[in-house]
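Numbering (our numbering), first residue to last: 1 to 184.
Do not take every clue at face value.
Derived Cβ-Cβ restraints for the label pairs, each shown as a range [said to hold, decoys possible]:
(1) E79 / R5: 20 to 28 Å
(2) V158 / H178: 16 to 24 Å
(3) P174 / T123: 19 to 27 Å
I should point out that these hints are in silico values taken from the structure, not numbers from a laboratory. From the three backbone atoms N, C-alpha and C, an ideal C-beta is built for every residue, glycine too.
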Amino acid sequence: MRSERPVPAVFAVARDDRHRFTKPLRDEIVLVTGHGIEGDAHAGETVRRRSRFRGTRTEPNLRQVHLIQRELFDELAVEGHEVAPGELGENVTTTGIDLLVLPRGTRLRLGDSAEIELTGLRTPCVQLDRFQPGLMRRLIRRERGGTRLRAGVMAVVVEGGVIRPGDAVVVELPAEPHEALPRV
1 MRSERPVPAV FAVARDDRHR FTKPLRDEIV LVTGHGIEGD AHAGETVRRR
51 SRFRGTRTEP NLRQVHLIQR ELFDELAVEG HEVAPGELGE NVTTTGIDLL
101 VLPRGTRLRL GDSAEIELTG LRTPCVQLDR FQPGLMRRLI RRERGGTRLR
151 AGVMAVVVEG GVIRPGDAVV VELPAEPHEA LPRV
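Model the full assembly from the supplied sequences, consistent with the hints where possible.
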């Protein structure tokens with residue numbers, strides 16, 4: 001019997017106009033080319049958060065869109081943490097795709113016209129433990145060969161558009177050789 005692979009799709013979308021840990025779910029979000037998500041506190045061409053400044057406010061914002069795969073929530077539930085879409089601050093929750101194994105420069109087409117490019121892995125921070133004690137440890141896996149971060153991926157908007165739950169996700173890998181996603 002053949003097992004059908006799930007079709008990659010958008011499971012949920014979220015945005016917040018303030019810098020809060022959890023983002024409220026929305027019926028849709030609007031991606032703006034080179035800027036991020038319309039109305040989201042992390043949108044902008046340059047770095048938005050003080051913790052990310054490395055000298056100037058002109059550094060490119062590589063964290064315009066935060067994505068997490070819904071399957072992570074199932075894994076966390078087995079480990080004792082109930083987490084729902086938007087609660088870890090992600091803008092887009094996907095299903096049917098392992099975001100963490102995709103190489104840097106992968107492009108994702110979301111819905112009819114939006115396109116983003118993956119820039120790196122989200123680095124887990126202490127706010128995770130403030131949300132649920134012990135959660136940060138669950139999102140950092142010590143494995144043979146190194147540490148695996150599971151807090152999602154970050155991207156920049158290449159082509160704007162509207163994204164809604166249920167929209168298809170199409171993956172386009174960059175030319176080889178592939179480079180692993182760095183921490184951003």
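field: P174 versus T123 beta-carbon gap, inside 19 to 27 Å or not
entry: 22 Å, holds
message: If I claimed the Cβ atoms of V158 and H178 lie 16 to 24 Å apart, would that claim hold in this structure?
response: For V158 and H178 the Cβ distance comes to about 18 Å; the hint holds.
task: Note whether the CB distance of E79 and R5 lies within 20 to 28 Å or breaks it.
output: 24 Å, holds
Figure legend: structure checked against the earlier numbered hints; every hint is met.
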